[in-house]
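There are 8 protein chains.
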Amino acid sequence: MDTEVKQILEAVQSGTLSVEEALLKIKKEPFLDLGFANIDFHRKVRQGVAEVIYGAGKTPEQIVAIANAMREKTADTIFITRMVSEKAQEVLKELPQMSYHETARIGILGEIPKPSGVGKVLVLTGGTSDIPVAEEAALTAEILGNEVVRHYDVGVAGLHRLLAHIDDIMEATVIIAIAGMEGALASVVGGMADCPVIAVPTSVGYGAAFEGMAALLSMLNSCASGVSVVNIDNGFGAGYMASQINHVTKKQGE
Amino acid sequence: MDTEVKQILEAVQSGTLSVEEALLKIKKEPFLDLGFANIDFHRKVRQGVAEVIYGAGKTPEQIVAIANAMREKTADTIFITRMVSEKAQEVLKELPQMSYHETARIGILGEIPKPSGVGKVLVLTGGTSDIPVAEEAALTAEILGNEVVRHYDVGVAGLHRLLAHIDDIMEATVIIAIAGMEGALASVVGGMADCPVIAVPTSVGYGAAFEGMAALLSMLNSCASGVSVVNIDNGFGAGYMASQINHVTKKQGE
Amino acid sequence: MDTEVKQILEAVQSGTLSVEEALLKIKKEPFLDLGFANIDFHRKVRQGVAEVIYGAGKTPEQIVAIANAMREKTADTIFITRMVSEKAQEVLKELPQMSYHETARIGILGEIPKPSGVGKVLVLTGGTSDIPVAEEAALTAEILGNEVVRHYDVGVAGLHRLLAHIDDIMEATVIIAIAGMEGALASVVGGMADCPVIAVPTSVGYGAAFEGMAALLSMLNSCASGVSVVNIDNGFGAGYMASQINHVTKKQGE
Amino acid sequence: MDTEVKQILEAVQSGTLSVEEALLKIKKEPFLDLGFANIDFHRKVRQGVAEVIYGAGKTPEQIVAIANAMREKTADTIFITRMVSEKAQEVLKELPQMSYHETARIGILGEIPKPSGVGKVLVLTGGTSDIPVAEEAALTAEILGNEVVRHYDVGVAGLHRLLAHIDDIMEATVIIAIAGMEGALASVVGGMADCPVIAVPTSVGYGAAFEGMAALLSMLNSCASGVSVVNIDNGFGAGYMASQINHVTKKQGE
Amino acid sequence: MDTEVKQILEAVQSGTLSVEEALLKIKKEPFLDLGFANIDFHRKVRQGVAEVIYGAGKTPEQIVAIANAMREKTADTIFITRMVSEKAQEVLKELPQMSYHETARIGILGEIPKPSGVGKVLVLTGGTSDIPVAEEAALTAEILGNEVVRHYDVGVAGLHRLLAHIDDIMEATVIIAIAGMEGALASVVGGMADCPVIAVPTSVGYGAAFEGMAALLSMLNSCASGVSVVNIDNGFGAGYMASQINHVTKKQGE
Amino acid sequence: MDTEVKQILEAVQSGTLSVEEALLKIKKEPFLDLGFANIDFHRKVRQGVAEVIYGAGKTPEQIVAIANAMREKTADTIFITRMVSEKAQEVLKELPQMSYHETARIGILGEIPKPSGVGKVLVLTGGTSDIPVAEEAALTAEILGNEVVRHYDVGVAGLHRLLAHIDDIMEATVIIAIAGMEGALASVVGGMADCPVIAVPTSVGYGAAFEGMAALLSMLNSCASGVSVVNIDNGFGAGYMASQINHVTKKQGE
Amino acid sequence: MDTEVKQILEAVQSGTLSVEEALLKIKKEPFLDLGFANIDFHRKVRQGVAEVIYGAGKTPEQIVAIANAMREKTADTIFITRMVSEKAQEVLKELPQMSYHETARIGILGEIPKPSGVGKVLVLTGGTSDIPVAEEAALTAEILGNEVVRHYDVGVAGLHRLLAHIDDIMEATVIIAIAGMEGALASVVGGMADCPVIAVPTSVGYGAAFEGMAALLSMLNSCASGVSVVNIDNGFGAGYMASQINHVTKKQGE
Amino acid sequence: MDTEVKQILEAVQSGTLSVEEALLKIKKEPFLDLGFANIDFHRKVRQGVAEVIYGAGKTPEQIVAIANAMREKTADTIFITRMVSEKAQEVLKELPQMSYHETARIGILGEIPKPSGVGKVLVLTGGTSDIPVAEEAALTAEILGNEVVRHYDVGVAGLHRLLAHIDDIMEATVIIAIAGMEGALASVVGGMADCPVIAVPTSVGYGAAFEGMAALLSMLNSCASGVSVVNIDNGFGAGYMASQINHVTKKQGE
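Chains as they are written, first to last, in the numbering used here: chain A, 370 to 623; chain B, 370 to 623; chain C, 370 to 623; chain D, 370 to 623; chain E, 370 to 623; chain F, 370 to 623; chain G, 370 to 623; chain H, 370 to 623.
Please note that a few of the clues may not be correct.
Below 20 Å or equal to it, Euclidean Cα-Cα: the simulated EDC-like pairs (lysine to aspartate or glutamate) are [stated by the list, open to error]:
id : chain 1 : residue 1 : chain 2 : residue 2
1  : D       : 375       : F       : 379
2  : D       : 427       : G       : 522
3  : B       : 442       : B       : 420
4  : C       : 375       : H       : 379
5  : B       : 427       : D       : 522
6  : A       : 427       : F       : 471
7  : G       : 375       : A       : 389
8  : A       : 375       : A       : 390
9  : F       : 375       : D       : 389
10 : D       : 442       : D       : 480
11 : F       : 375       : F       : 445
Honestly, the hints are just simulated from the structure, not real lab data.
Produce the complete structure using the sequences and hints provided.
Here is the structure:
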């Protein structure tokens with residue numbers, strides 16, 4: 370910022386810039402000249418992650434156009450989330466090389482990279498109805514370069530099912546605990562594990578489940594330490610967060 | 370009802386009652402003559418339980434007056450719930466024979482009867498802050514003639530603490546699971562036990578616990594079968610319900 | 370647990386196990402060796418109940434597969450809840466021996482057993498729109514071995530309709546009170562009965578009924594003792610809880 | 370309005386008013402000239418009710434000043450609502466002729482008039498904690514010229530207590546049903562009575578009573594016809610509404 | 370139905386009916402069991418109003434069956450509320466004499482009686498979208514024997530539209546104020562009128578209207594005295610309550 | 370419409386119109402009764418803006434009828450909001466001169482006027498899904514005589530996108546900030562700008578977005594000064610408010 | 370602060386200040402680190418308003434320290450909001466020149482400037498309890514250079530009180546409508562005025578007012594155009610927004 | 370505690386401890402029953418962190434007793450959270466070696482260890498009122514072995530304050546973003562950073578902030594990826610989670 374303001378001041382001093390014009394230029398300083406313009410490029414350089422397109426609320430045409438524009442600028446893997454089957458069929462007509470994962474509602478352009486994280490991401494669900502959210506989380510983590518272990522339908526009402534996987538729980542680097550209804554899975558897993566747990570409430574349930582509100586509140590109030598929460602049904606967010614945790618040292622190594 | 374209406378009709382027939390008067394009398398029938406007048410007495414005969422006075426919102430004077438009135442009519446044990454320490458001290462001046470249990474906020478006039486239920490009532494809490502509600506439940510159950518087993522601070526974040534009591538869980542006739550925060554205790558216990566579980570959400574917690582709302586919703590959405598819920602902090606209600614369950618066969622034996 | 374830890378220690382002592390390996394083994398102890406592994410088997414032996422499949426959110430193919438897997442392992446009656454008519458028609462193609470109860474949305478494989486409980490389960494509804502939930506509760510209780518008495522449309526706005534059944538209310542071992550709108554049925558019945566009352570709020574109503582929220586809150590705040598509540602529209606949960614209460618002595622008798 | 374606009378137009382025609390001035394005057398017409406200025410006076414003439422001062426949020430000085438100003442303009446009875454005891458003591462120093470009713474939190478200047486309504490106003494409460502709201506309602510109705518019958522603590526958990534007053538319920542012209550907790554009283558009374566029922570939810574209760582929310586929702590969803598609801602704890606509003614209903618024919622007779 | 374019981378009594382008085390036969394007739398009165406609904410005929414003894422069938426949640430077959438059963442017992446007008454057009458077409462095939470009012474969603478069997486109330490019921494709406502609820506209220510009031518005046522789309526954002534009807538507001542015996550969105554109509558009318566005002570919030574609006582919640586809360590908090598509220602969209606309830614108020618003296622005159 | 374009343378007045382002044390005829394013309398102004406809607410023409414006297422018809426909840430026939438009635442009375446531009454495509458196609462059959470803007474769901478009869486405001490209205494959105502609401506706001510402002518600058522998809526998660534438009538933010542007279550999900554755009558823009566900011570929460574998002582509730586609360590709690598909020602998805606309201614702000618001096622100039 | 374930067378620039382232009390010294394002076398501008406608060410002086414460059422300190426949650430010592438730091442940098446008026454009386458007394462010991470306005474809870478250091486806005490800001494309240502919020506709004510607007518007109522206690526339940534001020538409503542440049550309870554004032558004023566209306570819900574009321582929630586929802590759903598809303602009780606925000614609207618042309622004039 | 374068990378094992382290996390003695394020592398590990406709290410020592414076997422005592426809801430005596438029991442078993446640092454100043458003074462009488470941090474409400478027994486994590490934990494707050502929560506988070510992280518960088522009062526309404534710390538944001542391993550009111554800080558930081566962001570809503574604010582609900586919803590709906598949320602005001606939880614993320618590789622290294 371110094372240089373630029375200095376130049377403005379020198380121009381005022383030399384009379385080539387009026388006081389009024391200089392005042393206007395300086396008014397804009399706080400936002401223009403803190404090195405911020407380079408942030409986005411910076412981010413790209415450091416993260417090197419796959420590119421993501423949020424598919425909900427976009428037409429197939431928009432998705433194809435954005436994907437094509439991205440492919441001109443990068444060789445990275447591109448993936449499209451929240452894309453229901455009908456929409457995917459339309460996109461596939463234009464991008465036949467896309468692989469589509471129906472349960473996860475994710476389309477992928479390019480290869481899923483080799484795992485590059487510290488350890489394993491463990492994805493657990495309370496019931497079978499939580500699987501679509503879990504697949505969104507698991508596939509997101511895989512695309513972002515993580516080894517993923519899945520155990521579904523291990524809810525707390527049948528505790529032995531969960532305890533059967535205690536080795537995986539103990540060995541995980543980060544755990545994604547996905548559950549609807551009362552969402553107790555997060556607390557039980559949080560109490561057993563000694564790694565970060567990302568809790569994902571789902572809208573599974575009825576009545577006083579209030580579209581995931583009960584599970585959300587339950588998870589936010591977890592009596593176990595080391596549990597944090599993302600939005601209801603936000604499998605992508607959990608997978609992304611898990612990947613960031615699992616790559617924490619990567620950044621430091623650069 | 371027959372007899373009474375018949376008498377009315379006979380009076381009309383005999384001319385001792387006008388049609389208008391008869392019409393008025395019959396209008397009142399649905400509520401007056403279905404054997405209902407005897408219900409309260411009936412209830413007393415069959416239940417034989419201790420008498421309860423709800424102490425919240427009553428002055429010490431009112432409590433003393435009600436208790437004295439009851440004692441003139443019954444030799445049963447009388448107990449006063451939701452009576453804070455200050456109020457109890459005032460009541461004790463007039464009723465020195467009352468025993469006061471501060472944690473449970475309960476005062477008792479008379480003896481705690483011998484257990485008369487089918488089996489044991491097990492009272493569990495998630496944390497130490499839930500103990501006042503638990504004591505209200507446990508003491509209520511004891512006064513109503515139940516053997517009570519207590520295990521406190523066995524929340525799901527330290528699952529082995531709960532598992533350490535698996536024998537008592539398996540042997541209980543009815544379990545009262547008391548927890549604040551995320552209320553996951555009810556689901557975990559409900560999944561382990563094969564007896565009715567009464568869940569009591571407590572107002573323990575802060576922030577998104579919303580004064581017990583999170584635990585309440587969590588318990589209502591329990592993925593375990595055989596769990597039902599009472600109001601937030603309602604230890605008395607849980608103890609009373611547990612006693613009714615534990616005495617189910619008593620009634621049939623009469 | 371002693372034995373296993375002892376063996377680990379002996380192996381360390383004898384030099385056949387390194388300290389590091391021993392440390393890892395001991396870390397897993399709290400969950401592996403508290404007798405918990407036997408819980409599920411235990412539960413099966415003691416409960417001997419019919420098997421249930423929660424049909425909502427499962428495809429007809431999944432239901433058939435689960436049912437067939439169960440039938441290979443048990444001769445018990447199997448029932449599928451929350452199965453709408455269209456789904457049932459698909460399942461019936463593969464499992465023609467299934468009997469389907471449309472109002473209750475329940476399919477049954479096998480016989481409904483003879484009543485084995487202490488007494489009678491009484492199922493009451495406030496209105497006619499509550500009947501599907503009531504049938505789910507009643508049929509669940511019957512499949513689990515209970516004698517069930519039904520009285521529907523006996524809401525409190527016409528009190529004499531309810532009072533007409535006062536004998537059944539007095540004789541019941543457990544009552545299921547089902548109502549939407551303001552849910553006052555639970556309190557009135559709770560005040561009349563001297564047995565446990567399980568209240569089921571329903572999503573019947575409109576406007577400020579808020580999909581069952583009004584009835585739920587009303588029932589949780591019941592001024593009558595001996596009332597506990599299950600989730601909105603949860604007929605199955607009420608029937609299951611009622612059965613557990615009605616079989617309380619059975620377990621003790623073994 | 371005609372006359373005034375006509376005068377404006379005539380002034381324009383005659384040249385004594387410019388078009389611009391006329392335009393401005395006409396702009397204000399819709400609100401100024403619909404006879405509305407006389408409404409307030411009108412209201413006074415027709416209602417002839419006592420004057421009311423809402424005491425909450427006003428200082429003793431403000432209350433005294435307003436009361437004195439009113440007394441200069443009217444000989445009617447004046448009453449002050451929502452005035453807690455401490456405030457009343459201050460007001461009494463300046464207005465020693467005021468009679469103060471502590472339970473109802475109402476102060477009265479002048480006489481309570483003779484009943485002038487069609488029939489009787491019946492005030493019922495579910496519990497003893499509802500009495501302050503009930504007294505506010507009852508006293509308000511009395512001050513406004515109604516005969517009031519009170520029956521307190523007749524909640525639905527002890528139905529025979531309510532049925533004991535069936536004569537008064539049948540004979541009432543309007544009923545005020547006051548209850549906290551689950552608020553079922555309104556529905557039960559609404560189903561028995563054939564007169565308008567005004568339901569008043571109270572903030573009595575705890576936990577899921579949510580400061581009167583449960584009772585409010587319950588009353589709004591009453592399955593009985595002829596029930597309408599006022600704000601939580603709004604005894605004054607119920608008493609005022611009841612008086613208006615009880616004086617319906619008075620107005621027509623004039 | 371007074372007439373009916375009176376006729377029975379007169380027959381007994383005159384000796385043309387034996388006491389036993391009369392007893393049997395009267396005993397059958399309170400309930401007429403159709404398997405799915407206990408129709409409350411006894412209520413009519415007390416109230417003498419037209420009969421109402423709540424059409425929502427009932428099949429056309431059920432409506433026809435209930436209506437036919439009613440017609441065998443009474444010559445009164447019968448009306449069916451909350452009956453959408455498709456359902457009405459089905460009912461009309463069996464009951465061609467029914468007149469159907471599509472906007473109000475009400476079907477009527479029999480004549481609309483002459484007005485018998487004290488004065489006029491005024492029905493106001495804030496907007497045009499509130500009209501279906503208003504017609505349900507207005508038609509209900511007419512069927513129950515009231516003269517009704519309607520003024521629609523007179524919301525407070527165009528105050529002069531409301532003020533234009535100030536005469537009708539001043540002359541009404543009872544006013545029904547119907548509005549969605551912010552529901553301010555009730556307060557403004559409540560401040561102008563000197564008769565009871567029944568406020569009906571509607572689910573008209575979007576976003577923070579929360580399906581009528583905003584209007585409901587607004588109306589409950591009305592700063593005007595003499596306003597009470599019914600459930601969201603409950604036109605029938607408002608019309609029924611208005612009729613009860615408008616007939617207050619009738620009952621006393623008997 | 371000023372023009373119209375002014376013309377009447379001028380005709381009176383010039384003697385070409387009698388006072389009586391003028392009176393009649395002006396009296397007819399405030400109301401034009403179409404049976405279903407009292408169109409408020411008088412408002413135009415004061416405001417002089419284009420006419421708006423709220424299209425939601427109106428049939429195509431009603432829209433055409435209201436539009437035609439308006440056109441007989443005024444030469445101003447008329448626009449219809451919240452008119453979905455299907456409805457617009459029906460209206461176009463009768464009003465082929467209407468131009469329809471599908472994204473904004475607005476139909477326009479007449480010309481969009483030249484900008485007459487103080488400066489520019491800047492419309493910003495957080496994402497692409499907010500564009501329909503933004504177009505409703507922008508087009509509304511344009512029809513009401515404002516120069517509008519649009520920048521869409523400049524949400525705070527990519528701050529540089531927003532900062533790229535800092536010149537437009539600094540130069541705007543009023544800013545409309547539209548965002549769903551967490552609605553943070555309003556606070557960030559409010560902190561940067563020194564002009565009024567109108568925040569519009571949208572129902573974009575899922576789960577804990579609660580149909581716009583999260584964004585609404587966020588915007589109401591903005592830590593930036595100079596931010597006010599309209600209803601969820603209320604693009605029209607924001608555009609209208611912005612126009613009023615942008616024309617503040619206009620009124621004073623008259 | 371424009372002046373200050375301008376002076377620096379002028380000094381550079383005239384040669385009395387070197388570029389380096391000027392650069393240093395300007396660099397120090399944006400932040401003044403007091404350890405506990407980064408005071409944003411740079412904002413003033415853009416806005417040129419009086420300085421505000423949000424007093425809630427700050428100790429008297431912190432307030433004094435921030436105020437003194439500000440005074441070293443500027444000669445502008447400084448005002449402290451949300452400062453209760455006790456805190457103000459402490460601050461006055463250190464800053465005796467501060468004038469304190471108790472009702473508005475605002476302290477002022479320096480002169481209230483001459484009005485510099487386009488027209489008048491009109492502040493209206495529904496009741497007397499809303500006055501503290503109104504005074505906060507009004508005084509804020511005055512300090513920021515606006516002429517303010519106040520009319521308090523003009524709620525819609527007594528419409529003539531509001532209509533009595535129709536001239537001020539018609540002449541205002543911007544209106545602040547403040548009300549608790551049902552908040553209808555905003556809609557009624559919005560329908561009458563043709564200038565922007567800023568609605569402020571207050572936490573005045575009880576029961577279903579839910580601490581201002583009812584008024585907030587009501588105002589957000591206003592059926593009148595040209596109404597926007599700020600947070601509950603946010604008088605400062607309304608006054609600030611009003612000032613920005615009233616100065617819209619000022620900025621353009623520079 | 371790894372050390373402790375390891376020492377036992379090494380003693381067995383070296384023959385200085387018999388198997389039986391070792392078994393007894395290890396068996397005593399998991400539980401230490403103090404009557405009111407089952408302290409979970411076994412957890413330490415897996416996690417090796419400092420010991421934490423949740424101070425809220427515990428008496429000074431209980432805290433001292435638990436702390437002393439812990440100190441007998443471990444040499445690790447012990448810290449007590451949510452301990453207000455008064456309580457801390459009592460505890461200090463018994464444990465004078467405790468250092469007490471008033472803003473963070475944390476007491477520490479033992480040394481704060483050297484940072485052992487991957488990188489730095491950055492703690493940011495929106496305002497000064499958020500500092501207590503921030504200090505709880507920061508101190509927790511420090512006690513658990515993390516280097517912590519603090520920047521407070523950098524809310525989004527003054528964006529340049531936040532941008533001034535862009536280097537720290539870019540270099541952090543994990544960021545804790547703490548804000549009340551609208552909670553927009555999390556989204557803005559989430560969009561700038563390429564590391565995991567833990568968002569902590571605070572109960573700072575008033576009105577529609579609803580005790581932190583607005584910030585909570587805002588953060589859950591963050592449009593930035595890599596943001597997860599803990600309970601309102603849960604500084605400890607955020608610090609703990611951050612530490613786990615910052616030590617992710619540590620565990621793998623073993």
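Right, here's what the structure says about each hint:
1. For the proposed pair residue 375 of chain D and residue 379 of chain F, the alpha carbon gap of about 15 Å is at most 20 Å, so the pair holds.
2. At most 20 Å may separate the alpha-carbon atoms for a hinted pair to count; residue 427 of chain D and residue 522 of chain G meet this at roughly 13 Å.
3. Annotation: proposed proximity of residue 442 of chain B to residue 420 of chain B holds, straight-line Cα distance about 11 Å (limit 20 Å).
4. A distance of roughly 15 Å separates the Cα atoms of residue 375 of chain C and residue 379 of chain H; the hinted pair therefore holds under the 20 Å criterion.
5. Taken as a hint, the residue 427 of chain B and residue 522 of chain D pair is honoured in the structure, with Cα atoms around 13 Å apart against an allowance of 20 Å.
6. With a C-alpha separation of about 16 Å, the suggested pair residue 427 of chain A and residue 471 of chain F falls inside the 20 Å cut-off, and the hint holds.
7. Distance hint between residue 375 of chain G and residue 389 of chain A is fulfilled; the C-alpha atoms sit about 8 Å from each other, no more than 20 Å.
8. About 14 Å separates the Cα atoms of residue 375 of chain A and residue 390 of chain A, which keeps this hinted pair within 20 Å; it holds.
9. Under the criterion of a C-alpha separation no larger than 20 Å, the hint pairing residue 375 of chain F with residue 389 of chain D is consistent with the structure, at around 8 Å.
10. Note on residue 442 of chain D and residue 480 of chain D: the hinted pairing holds, with a Cα-Cα distance of about 17 Å set against a maximum of 20 Å.
11. With a C-alpha separation of about 15 Å, the suggested pair residue 375 of chain F and residue 445 of chain F falls inside the 20 Å cut-off, and the hint holds.
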